[in-house]
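What follows is the residue order along each chain.
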Amino acid sequence: DARVTQTPRHKVTEMGQEVTMRCQPILGHNTVFWYRQTMMQGLELLAYFRNRAPLDDSGMPKDRFSAEMPDATLATLKIQPSEPRDSAVYFCAPFDRCSGWASYEQYFGPGTRLTVT
Amino acid sequence: SQQGEEDPQALSIQEGENATMNCSYKTSINNLQWYRQNSGRGLVHLILIRSNEREKHSGRLRVTLDTSKKSSSLLITASRAADTASYFCADSGGSNYKLTFGKGTLLTVNP
Chain A
1 DARVTQTPRH
11 KVTEMGQEVT
21 MRCQPILGHN
31 TVFWYRQTMM
41 QGLELLAYFR
51 NRAPLDDSGM
61 PKDRFSAEMP
71 DATLATLKIQ
81 PSEPRDSAVY
91 FCAPFDRCSG
101 WASYEQYFGP
111 GTRLTVT
Chain B
1001 SQQGEEDPQA
1011 LSIQEGENAT
1021 MNCSYKTSIN
1031 NLQWYRQNSG
1041 RGLVHLILIR
1051 SNEREKHSGR
1061 LRVTLDTSKK
1071 SSSLLITASR
1081 AADTASYFCA
1091 DSGGSNYKLT
1101 FGKGTLLTVN
1111 P
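Line by line, the protein sequences are chains A and B. Residues in the first sequence are numbered from 1 upward in steps of one, following the numbering used here. Residues in the second sequence are numbered from 1001 upward in steps of one, following the numbering used here.
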């Protein structure tokens, strides 16, 4: 969706390295979801934020993962240290509470494909 | 944990045929949504059906919801090669926007 950008689109890194993924909800959406997609587990919700405060991060391994919204136009997901099992595609999905409140649909970014060797 | 479970996991049809995908979920819902994902892309919202609705149409898409059976179906009529993608159902559970996705149906439409 053109409303959302994610960087980097692809990342290959070695085990133990720090990885930071960025999501820009261009329209300044106030709620952002982070998902992880793998062949084995499918699409899993990691965390979501509203107005930059975490609402639910129960799906996220907290010992190595952290998610933040430094401001209303940027959300980040960080893995430190990364492990091979973190290899997946990570999507952010901003939710516009104003217009989305009636439709509840989520707009997914193009994803960051992470490979940890 | 995954709530929505799509059936079949994979479906291959000829262009012009109809494609039907089914989804089951486990708990009560406020709404159920269907998304499409082309290879290497993010998910795109297709259609939402609320818990008090039984059927909804959007272009060549028809979605049904049976809350007594906790199931939904997505019908794509007159399929095209461009419909080739993975299709996911996502239920909202008790919230309206926290979605739980199934593992998807891979639809291949052969020209």
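Honestly, I wouldn't trust all of these hints.
In silico DMTMM-like pairs for lysine to aspartate or glutamate, Cα to Cα no more than 25 Å straight-line [what the hints assert, rightly or not]:
| # | chain 1 | residue 1 | chain 2 | residue 2 |
| --- | --- | --- | --- | --- |
| 1 | B | Lys1098 | A | Glu14 |
| 2 | B | Lys1098 | A | Asp63 |
| 3 | B | Lys1098 | A | Glu44 |
| 4 | B | Lys1098 | A | Glu68 |
| 5 | B | Lys1103 | A | Glu14 |
A few chain B residues facing chain A, derived, Cβ under 7 Å [said to hold, decoys possible]:
| # | residue |
| --- | --- |
| 6 | Lys1026 |
| 7 | Gly1042 |
| 8 | Leu1043 |
| 9 | His1045 |
| 10 | Phe1101 |
Short, incomplete list of chain A residues facing chain B, as computed with Cβ under 7 Å [stated by the list, open to error]:
| # | residue |
| --- | --- |
| 11 | Met40 |
| 12 | Gly42 |
| 13 | Asp57 |
| 14 | Phe91 |
| 15 | Phe108 |
| 16 | Gly109 |
| 17 | Pro110 |
| 18 | Gly111 |
No wet-lab data here; the hints were simulated from the structure. Bear in mind the structure is a predicted one, so any value in this text is a computation, not a measurement. By construction, the Cβ of each residue, glycine as well, lies at the ideal position given by its N, Cα and C atoms.
Now for the hints, and whether the structure bears them out:
1. B:Lys1098 - A:Glu14: violated (33 Å)
2. B:Lys1098 - A:Asp63: Between B:Lys1098 and A:Asp63 the Cα gap is close to 23 Å, so the pair holds against 25 Å.
3. B:Lys1098 - A:Glu44: holds (11 Å)
4. B:Lys1098 - A:Glu68: Holds. B:Lys1098 to A:Glu68 sits at ~18 Å (cutoff 25 Å).
5. B:Lys1103 - A:Glu14: violated (28 Å)
6. Lys1026: violated (15 Å)
7. Gly1042: holds (3 Å)
8. Leu1043: The hint holds - B:Leu1043 has a Cβ within 7 Å of chain A, the shortest such distance being about 4 Å.
9. His1045: holds (4 Å)
10. Phe1101: holds (4 Å)
11. Met40: violated (9 Å)
12. Gly42: holds (4 Å)
13. Asp57: violated (12 Å)
14. Phe91: holds (6 Å)
15. Phe108: Because about 3 Å separates A:Phe108 from the closest Cβ in chain B, which is inside the 7 Å limit, the hint holds.
16. Gly109: holds (6 Å)
17. Pro110: holds (5 Å)
18. Gly111: Holds, about 5 Å.
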